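There are 4 protein chains.
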Amino acid sequence: MKEESKAEIINRLRSVAGHVNGIARMVDEDKYCIDVIHQIQAVQAALNKISLKVLDDHMHTCVIEAIEGEDLEERERVLSEIRDVFEVRGKL
Amino acid sequence: MKEESKAEIINRLRSVAGHVNGIARMVDEDKYCIDVIHQIQAVQAALNKISLKVLDDHMHTCVIEAIEGEDLEERERVLSEIRDVFEVRGKL
Amino acid sequence: MKEESKAEIINRLRSVAGHVNGIARMVDEDKYCIDVIHQIQAVQAALNKISLKVLDDHMHTCVIEAIEGEDLEERERVLSEIRDVFEVRGKL
Amino acid sequence: MKEESKAEIINRLRSVAGHVNGIARMVDEDKYCIDVIHQIQAVQAALNKISLKVLDDHMHTCVIEAIEGEDLEERERVLSEIRDVFEVRGKL
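Protein chains in written order, with the numbering used here: chain A, 1 to 92; chain B, 101 to 192; chain C, 201 to 292; chain D, 301 to 392.
Just so you know, these hints were derived from the structure itself, not from any lab. Computed from a prediction, not measured in an experiment: that's the story for all the values here. We put the CB at the ideal spot given by N, CA and C, even for glycine. Keep in mind that the hints are not guaranteed to be accurate.
[Unchecked claim] To give an idea of the chain D side of the interface with chain A (calculated C-beta under 10 Å), a few residues: (1) G318; (2) I334; (3) E376; (4) L379; (5) R389; (6) L392.
Based on the sequences and whatever the hints tell you, model everything.
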């Protein structure tokens, strides 16, 4: 991963962790359930964006490398990983 | 929310926050992108379960109360909130 | 379900079925895979809206009835159905 | 797309279209709302599998071709399409 992307992704993940701790505090302070759910959904949307960015970076580095390489098994492995990520996403 | 549910939900949220900080460390240590994405997806699955539990508790308390009450506007408000939660979920 | 809602939902479902048959034709005519996927995703978005409308109608009829009724088991059943719908949605 | 995959995908799409028309009949016959929603969710799960198969085929043909090719713009286009599919999926 490029250093720039890396720093951005780390920052966004730490901000998500802070957000989730904030939701724990909301629950502790008996905030309204629906507001708690909305905040959880906001976190899920943020995580969607982060994993999209990681995937995008991955395709522009490892996937291109693997397909350019001569190792056909490696190429197959890399493509099936993308497929798996998409499959799991369909179950979230 | 019942005290028991509250404690469990807070614990689970704190555990998710810890998991997300762990993912930030994985990125920092240049772990493989696909493993990072799998961990993000695991967090999203955990958040799905937490919001389901909050929703379930909410229906067994506020929703029942509102529908039993005589305030028709309040009842409408509560049902439309459930609808909204379901709608946003459809966009995640 | 109100007759008006019923007619609208039936129309929308038939239109979705037509859309899906159209996608089958696209595949038969060797249209570009990504365009096929986009059309499938459009159908999924349409189905989200339809199930949201069915759920909304359901809450304004059966759920209200069950909660107003005196049968506590029935009430529990109805709420757990909403929960299940939400849970399955989280796996799609 | 390979002829074999093509035939299978067309069959599955036609079966989904039949399923959706069946759901329209369920609504017409006043079947229970929650059963209708479960059937819609079953269709959505089937569509997830179909689009996964289309994506998988696409990666093993067009994506490999584009990355092996020398046209850098084409390569970029193909990867950004995969990204878009993943992004839209995150909003369904």
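Evaluated hints:
| no. | hint | in the structure |
| --- | --- | --- |
| 1 | G318 | violated, 22 Å |
| 2 | I334 | violated, 21 Å |
| 3 | E376 | holds, 8 Å |
| 4 | L379 | holds, 5 Å |
| 5 | R389 | holds, 6 Å |
| 6 | L392 | holds, 9 Å |
Violated hints, listed in ascending order, are 1, 2; each of the other numbered hints is respected by the structure.
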